[in-house]
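Number of protein chains: 2
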Amino acid sequence: MNVLVLGAGQLARMMALAVKPLNIEIRAYDVGSKQVLNPLAPEQVFGNLTDGIQYADAITAEFEHVAHDVLALCEASGKLKPTSQAIKIGGDRRLEKQLLEQCQADNAKHVIVKDKESFDEALNQLSLPIIFKSALEGYDGKGQWRLKFESQTSQTWLELNEFLKSNAKQGIVAEQMVPFQREVSLVGMRGHNGEIKVYPLTENHHTDGVLSVSLALDNEQKIQQQATEVFTRLTNKIDYVGTLAIEFFQVGDKLLVNEIAPRVHNSGHWTQQGADTCQFANHIRAVCGLPLGNTELIRPTAMINILGEDTIPNQMLSMPGVAVHWYGKSKRPGRKMGHINVSGDSQEQLNQRLSTIADILPDAAFADINAYIKGKC
Amino acid sequence: MNVLVLGAGQLARMMALAVKPLNIEIRAYDVGSKQVLNPLAPEQVFGNLTDGIQYADAITAEFEHVAHDVLALCEASGKLKPTSQAIKIGGDRRLEKQLLEQCQADNAKHVIVKDKESFDEALNQLSLPIIFKSALEGYDGKGQWRLKFESQTSQTWLELNEFLKSNAKQGIVAEQMVPFQREVSLVGMRGHNGEIKVYPLTENHHTDGVLSVSLALDNEQKIQQQATEVFTRLTNKIDYVGTLAIEFFQVGDKLLVNEIAPRVHNSGHWTQQGADTCQFANHIRAVCGLPLGNTELIRPTAMINILGEDTIPNQMLSMPGVAVHWYGKSKRPGRKMGHINVSGDSQEQLNQRLSTIADILPDAAFADINAYIKGKC
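Protein chains in written order, with our numbering: chain A, 3 to 379; chain B, 3 to 379.
By construction, these hints were calculated from the structure, which means they are not laboratory data.
Values in this document were obtained by computation on a predicted structure and should not be read as measured data.
C-beta atoms are modelled at their ideal positions from N, C-alpha and C, and glycine is treated no differently.
Incorrect hints may appear among the rest.
[Said to hold, decoys possible] Far from chain B, some chain A residues (derived; all Cβ distances over 12 Å):
(1) N40
(2) E119
(3) R148
(4) E164
(5) I225
(6) T230
(7) Q317
(8) H327
(9) W328
(10) Y374
[Said to hold, decoys possible] Estimated spans, in silico, between C-beta atoms of each pair:
(11) B:A78 with A:R337: 39 to 45 Å
(12) B:K376 with A:G377: 27 to 33 Å
(13) A:S348 with B:T313: 36 to 42 Å
[To be verified] Residues of chain A clear of chain B, computed beta-carbon distances all greater than 12 Å:
(14) D53
(15) Q127
(16) L128
(17) E139
(18) E197
(19) S320
(20) K331
(21) G340
(22) N343
Go ahead and model the full structure; you've got the sequences and the hints to work with.
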């Protein structure tokens, strides 16, 4: 089978690697150059979007910020999975909140802000601190404003108003800031026949607003069950097909949905080593109508992002339980350049390995990651 | 780094898949078309052998039957690993036997046959049954003659003589047939600095002379140690760099070398799921001068070859512990089309899974494999 992926970054690349053994060929639509290319050999160009659509048996996306005309063209072919509606939900916090309300999925108290009146409404309904998030194009902590003290109110409105005026399509979601213990996420798939499989939850750590470490959680049945129920309600509601990730804030024993990502997700990269079938393969299986693979944890596993660096100490390659995944990208500060999956036969062994890695990774680039890992082990 | 692989079959393809996450690019020299291509997108052609040699930081081979002028050209570049001598040993049973003698590696009693005189010598020195194997181009049971009864002697000589006369470079190795209990093989790597790592031995089953099932063996320390010693002596002797496989006949507690393959080997395909670092990645690491990855068994794992078939029942995709690897080849009777790796948390669970698989795989194509598996579980 042939699949076209909208987006030609590391996620499309890892999808291509994951399903090559199933004789499934992936081409990727680069939204920058507007060309279709081979994600495993980007210099190999196959034409434009129309050519890509024609080539494909199925079309999917590696990210939610795809231009709506591109989505419309793909949807018209009848091959797009998930639907453009589902992809748009991930790219617009207003639609996301609407879906959460429809599905009665617990989430932070919020108000949609589009003008001064709704801004005041937000201040009335929510108590400080409030976080304002841009409805469109916000990710990795970008497009966010925090209002902690009343004295910041007018300055905040000035900034928000300027932002809203800059783009008529934009909006703001004002959220009550939640004093959560940690962020966890659930990555799972819904198949074309409604079959649902989810991986174990992961605990996520962020560095400067960007995911930096994910730890697969195996023995947290109570929240695993909550998360799975939310996943099931959400994906059934929109007849979703493919991999989808839900980020949650954990408050006590309760999970509040933070964000939905209608795609493979950074917090699921550990599944390449920690599960029989990784999120990339399972996403493509879903959109191709193939049976989903097993999503159980096969070994305690964690993932460490490599941010802004293009080398790590060579000795890591010889460490048992370590798998290094580079994305073939050129170095830029803070850029997601690759990740390291770490597994062990037991949680104890995994912790030992993580602790050794924290000793090896240079603090210059990995200080926050090393500190977090040391705190866990 | 860039690596050129001599040979553009499934082994080059699996090497390319295995090391893409290390940002290592593989190009493959197709000995048929004499063109260099992308093993992950064979329609992408990059020029001829000279272009390929220039592109590469390191050159290696996926098989031992590479034309000697090609090997010479590659060796002259200073980039070929292992050496052409090592590759030729795998392609010529006379050189192989010579190396085994030099290393005092136990193997079947044998005589090199090049004419009637040495044929008679073989009959004198060996007792029936004798197996005659062509020195060059013999693999998967091809190019072999069996002499079981004295009455077949003149007929056998007629055939061998005709064969010898057909190619002045050919020769025959006459071997005492060994009444062995089973065939096992050891796959391991020697790094550029002499570092050696080996995987657990596998037990191999053949169907019509072609490997069809490999089972990783974890608790057979006595023969594992013997095999590792032979591996070490052989690879040190020829300053080998890369993955190498040794097939053994097991006779009681003793291993006799059957064959050496100076490359990644079908009996090591299980390492894709059963080890942290598979034989393909470790081969390329070795030839690139990178540290070798861990070779310990991480889960009990077995491999089943898919011979001559281009489909298997879809339900296998959803079975826990099952990973299907197709090679993207067109169907031909008996052709190696793909393989299935099967893992379990315990040997017991693996056996249960294998048993289920033997129930699912159609007997029309997998009768012998199913019978072997059922006998094991």
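Item to complete: If any of the earlier hints don't hold here, list their numbers in rising order.
Response: 1, 7, 8, 9, 12, 18, 19, 20, 21 and 22
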